[in-house]
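All chains, full assembly: derive it from the sequences and hints.
These are the residues of each chain, in order.
There are 2 protein chains.
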Amino acid sequence: MPETLITTAAPAAPPRASSIRPPRPASRSRVVGENLTLLYEGGRNRALYRVVDGCVVLSQLLNDGRRQITDVLGPGRLFGFTIDGRNIATAETLSIARIEPLGDADLNATNPAVASELKTTLHRMQIHATLLGRKTASEKVASALVELSRLFNRTGRNGAARLSFHLHLTRADLADWLGLTVETVSRCLNRFKREGLIDFSHPKTMRVLDPERLEATAGFTRQQTGETTRP
Amino acid sequence: MPETLITTAAPAAPPRASSIRPPRPASRSRVVGENLTLLYEGGRNRALYRVVDGCVVLSQLLNDGRRQITDVLGPGRLFGFTIDGRNIATAETLSIARIEPLGDADLNATNPAVASELKTTLHRMQIHATLLGRKTASEKVASALVELSRLFNRTGRNGAARLSFHLHLTRADLADWLGLTVETVSRCLNRFKREGLIDFSHPKTMRVLDPERLEATAGFTRQQTGETTRP
DNA sequence: CGTCTACTTGACACGCATCAAAATTGGTGG
DNA sequence: CCACCAATTTTGATGCGTGTCAAGTAGACG
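Protein sequences appear in the order of chains A and B. Residue numbering for the first sequence follows the numbering used here, starting at 41 and increasing by one per position. Residue numbering for the second sequence follows the numbering used here, starting at 41 and increasing by one per position.
Don't read these hints as lab results, they were simulated from the structure. Everything numeric in this text was worked out from a predicted model, so none of it was measured. Hints should not be assumed to be uniformly reliable.
The list treats identical chains as one, so a pair stands whether inside a single copy or across any two.
Stated by the list, open to error - In silico lysine to aspartate or glutamate, DMTMM-like type, Cα no more than 25 Å apart, as pairs:
id, residue 1, residue 2
1, Lys233, Glu179
2, Lys159, Glu140
3, Lys233, Asp250
4, Lys244, Asp104
5, Lys233, Glu255
6, Lys244, Asp124
7, Lys244, Glu187
8, Lys159, Asp250
9, Lys159, Asp239
10, Lys244, Glu157
11, Lys159, Glu223
12, Lys159, Glu252
13, Lys244, Glu223
14, Lys233, Glu223
15, Lys233, Asp93
Structure follows, in structure tokens:
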């Protein structure tokens with residue numbers, strides 16, 4: 041039984057520069073966001089980890105500090121893949137998360153479970169690339185809500201989804217995940233709230249009021265719906 | 041020795057709808073682009089392939105026809121990964137390409153070479169996600185040129201790079217890869233030409249005149265440059 | 001209660017999409 | 001080789017979505 045790590049919030053760090061626009065003057069010394077624990081960065085560790093509870097994000101940075109979150113991991117997901125001993129991405133935990141290292145026997149990429157995880161992550165990345173390159177701001181935010189509600193929704197004691205979930209990401213994290221700015225994310229969320237798609241009193245506690253309309257707003261890839269047209 | 045497939049251009053198909061904007065009226069019956077051979081689409085085949093020569097692209101589609109090319113494969117790359125028997129992405133060859141199927145013995149994802157390819161692809165996807173979400177149009181186009189010149193440049197007989205390469209992608213493909221429109225791609229390319237970064241007389245034959253300035257225009261991830269700042 | 005940070009909201013600007021049309025390239029048949 | 005048509009690429013004019021800048025509000029924590 042592997043030991044379980046419990047990571048907690050790190051002390052505040054200077055703000056980072058994001059946004060989509062050209063090189064900003066900013067070039068901060070600390071690259072991770074506030075309230076985060078940096079698990080490793082660009083090739084420091086050699087173990088694979090499993091998320092037990094909470095939320096871990098993978099990210100990349102440009103030289104001037106612009107950040108892209110490439111994946112959001114919920115319970116069960118593995119991370120820490122390396123190429124030639126260097127980690128593929130930077131990983132951070134959001135608020136409190138429990139992670140456990142995989143045993144040495146499982147560290148090999150030829151392990152079927154690990155290979156399967158690689159393919160899953162790759163598939164998710166493809167879908168996310170489509171979101172980043174081809175979706176509008178509204179579609180992006182709606183997609184994120186659908187995705188996060190699936191990852192983190194708590195089922196009631198009767199087993200039915202409550203459609204209320206804890207948003208582990210800040211608005212800035214969402215922006216860095218979706219290729220937007222904090223302001224645009226905030227505007228979309230509040231518009232959805234006005235339109236009755238979602239509700240939130242606390243900014244981190246989301247409730248989906250109209251899942252169908254939300255999913256329609258999110259847009260779909262053809263594969264996801266199974267539709268494939270041929271002449 | 042596995043047989044080698046030679047794929048050629050397919051007959052013309054109706055145009056597809058791309059662009060980043062909301063649902064377009066368009067919803068065409070044929071989903072692949074012109075002059076392309078569709079290798080498989082959303083879960084039709086079970087073999088892994090290796091690109092021997094030419095260029096293969098992986099793509100995804102949204103319901104209304106918007107397309108995102110998620111990766112561009114040059115010689116040596118593998119593709120055709122599946123999850124539960126369904127292909128992760130749609131693959132198409134551009135113009136003429138030679139591909140060969142991997143032997144049955146190699147089909148297992150636990151094969152080290154296959155696992156390594158998965159990680160390589162995943163790493164490339166992360167870098168591309170950063171491009172899609174956080175780079176400007178100029179940075180995107182410059183990055184694409186740098187990347188394609190590495191994939192397809194022909195070394196002279198003395199072994200020195202000639203920095204001239206065949207652009208397998210059309211402007212529309214580039215746009216779908218970079219999350220832009222055809223017009224923006226064309227404008228960037230011609231601006232780079234005016235500024236002396238690149239040159240091309242034929243639209244498909246690119247020559248890099250100033251690799252350093254081009255790479256500077258492309259921007260870098262911190263990992264790529266090896267730079268990592270800590271407090 | 002004061003301070004700090006995250007979040008929200010408004011006014012404005014600009015990069016890139018959109019729309020339109022001309023120029024170039026590619027292919028086919030005479 | 002040239003004429004002709006379709007597709008691609010280029011170029012210009014214009015508009016919109018989203019980024020930028022700025023100010024205000026709300027929670028969290030001492």
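- Hints broken by the structure, by number, lowest first? The structure breaks hints 4, 6, 8, 9, 10, 11, 12, 15; every other hint is satisfied.
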